[in-house]
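Colleague: Go ahead and model the full structure; you've got the sequences and the hints to work with.
Numbered by the numbering used here, the letters in the sequence shown go through residues 67 to 327 in order.
Source of the hints: derived by calculation from the structure; they are not laboratory data. Where hints are given, some of them may not hold.
Here are the simulated DSSO-like cross-link-like pairs (lysine-lysine), alpha carbons at most 27 Å apart as the crow flies [unchecked claim]:
1) Lys-163 / Lys-276
2) Lys-188 / Lys-163
3) Lys-153 / Lys-163
4) Lys-108 / Lys-276
5) Lys-163 / Lys-79
6) Lys-188 / Lys-276
7) Lys-248 / Lys-200
8) Lys-224 / Lys-129
9) Lys-224 / Lys-163
10) Lys-108 / Lys-153
11) Lys-188 / Lys-153
12) Lys-163 / Lys-129
13) Lys-79 / Lys-125
Simulated DEER-style distance windows between Cβ atoms [what the hints assert, rightly or not]:
14) Ala-234 / Glu-196: 28 to 34 Å
15) Lys-164 / Phe-254: 15 to 21 Å
16) Ser-109 / Gln-211: 34 to 40 Å
17) Tyr-165 / Ala-240: 20 to 26 Å
18) Asn-150 / Lys-200: 46 to 52 Å
19) Gly-207 / Gly-182: 28 to 34 Å
By construction, the Cβ of each residue, glycine as well, lies at the ideal position given by its N, Cα and C atoms.
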Amino acid sequence: MTSQPGAAMPAQKASRLLSLNGLFPIYKPLGITSAQTLNDLKSRLLKEAGLKEFMKRKKQTLKIGHGGTLDITASGLLVVGIGNGTKMLGAMLTGSKKYTTTGQLGRATDTLDMSGTVTQEKPYDHICREDVEKVLETFTGDILQVPPLFSALKKNGKRLSCLVREGAAVEAKAARPVVVYKLALTDFQPPLFTVALSSCACVKELIRTKQGPFTLDDRTLREERWDIEHIAQALQTCIQPAEQACKRLKTEEDVAAAEHS
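Modeller: So, in structure tokens, the structure goes:
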């Protein structure tokens with residue numbers, strides 16, 4: 067019995083895909099949720115490998131997950147775990163993050179970004195670069211931050227942003243401690259700026275550039291490279307960051323076990 071030329075290719079790709087384990091960075095585009103981004107990635111990989119998705123006793127064809135939500139109005143680095151790498155994703159949530167933010171002076175919206183309805187407009191001609199830099203200082207260090215209602219935080223399993231858009235009465239979450247290590251004004255061209263001042267403003271652009279040991283660079287896979295081979299290559303170049311995450315996770319598990327022993 068002879069096999070057809072190329073008949074083994076789908077099987078080889080399926081085997082290759084299901085053997086992948088680890089963490090790798092992708093670029094989440096603007097205008098799509100992190101969950102949708104992950105579903106798109108997963109669908110592409112399963113289609114390339116000739117596999118169908120199924121759920122049987124909570125066991126998926128391909129285990130894949132991400133290590134920290136980016137809102138639909140944000141873009142940038144999203145750390146993805148594949149196979150056993152999904153067990154390391156918890157460590158990504160505890161690492162530091164970096165963002166590049168562009169704001170627009172003179173305009174406030176109900177969502178705090180450009181997707182919302184304008185609620186206020188004020189002049190901003192009196193604001194100079196030095197004003198921005200002074201305000202930056204007040205937002206650094208250990209501070210209390212009140213999470214915005216339009217965010218990925220959840221109430222009873224549903225996102226606050228979805229509840230607000232549905233017209234539900236939603237109370238603001240209590241302020242929580244956060245650490246801002248550094249804020250820097252990299253460009254000032256009014257009305258564009260990086261933080262709010264004594265005017266009104268909204269976020270024009272938000273890009274995540276770092277999460278844990280991963281940074282937004284050439285290794286970050288954009289949509290045109292969401293395929294089995296590019297992910298396999300990315301996993302090889304990301305072995306060290308993945309190992310760091312794994313060690314951090316193991317240490318946390320050891321501490322938790324000791325506390326409950």
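Colleague: The structure should be examined with respect to each hint, and the outcome stated for every one.
Modeller: Now the hints, each set against the structure:
Restraint check for Lys-163 and Lys-276: satisfied, since their Cα atoms lie roughly 5 Å apart, inside the 27 Å limit. Restraint check for Lys-188 and Lys-163: the C-alpha separation of about 32 Å exceeds 27 Å, so the hint is violated. Only pairs whose Cα atoms come within 27 Å are accepted, and Lys-153 paired with Lys-163 is accepted, the gap being roughly 20 Å. Between the alpha carbons of Lys-108 and Lys-276 the distance comes to roughly 23 Å, so the proposed pair stays at or under 27 Å and holds.
Between the alpha carbons of Lys-163 and Lys-79 the distance comes to roughly 34 Å, so the proposed pair goes past 27 Å and is violated. Of the supplied pair hints, the one linking Lys-188 and Lys-276 is violated, its CA atoms being roughly 33 Å apart against a limit of 27 Å. Restraint check for Lys-248 and Lys-200: the C-alpha separation of about 13 Å stays at or below 27 Å, so the hint holds. Our distance criterion of 27 Å between C-alpha atoms is met by Lys-224 and Lys-129, whose separation comes to about 23 Å.
With a C-alpha separation of about 24 Å, the suggested pairing of Lys-224 with Lys-163 holds against the 27 Å cut-off. A distance of roughly 17 Å separates the Cα atoms of Lys-108 and Lys-153; the hinted pair therefore holds under the 27 Å criterion. For a cut-off of 27 Å, the pair hint linking Lys-188 to Lys-153 is broken: about 48 Å separates their Cα positions. Taken as a hint, the Lys-163 and Lys-129 pair is honoured in the structure, with Cα atoms around 25 Å apart against an allowance of 27 Å.
For the hint pairing Lys-79 with Lys-125, the CA-to-CA distance comes to about 20 Å; that is within 27 Å, so the pair holds. Between Ala-234 and Glu-196 the beta carbon distance is about 42 Å. The supplied range of 28 to 34 Å is therefore violated. As the Cβ distance of Lys-164 to Phe-254 is approximately 20 Å, the hint placing it in 15 to 21 Å holds. Between Ser-109 and Gln-211 the CB atoms are about 36 Å apart, so this pair conforms to the stated range of 34 to 40 Å.
Between Tyr-165 and Ala-240 the CB atoms are about 23 Å apart, so this pair conforms to the stated range of 20 to 26 Å. Between Asn-150 and Lys-200 the CB atoms are about 48 Å apart, so this pair conforms to the stated range of 46 to 52 Å. With their beta carbons about 29 Å apart, Gly-207 and Gly-182 fall inside the hinted range of 28 to 34 Å.
Consistency note: the structure conflicts with the earlier hints numbered 2, 5, 6, 11, 14.
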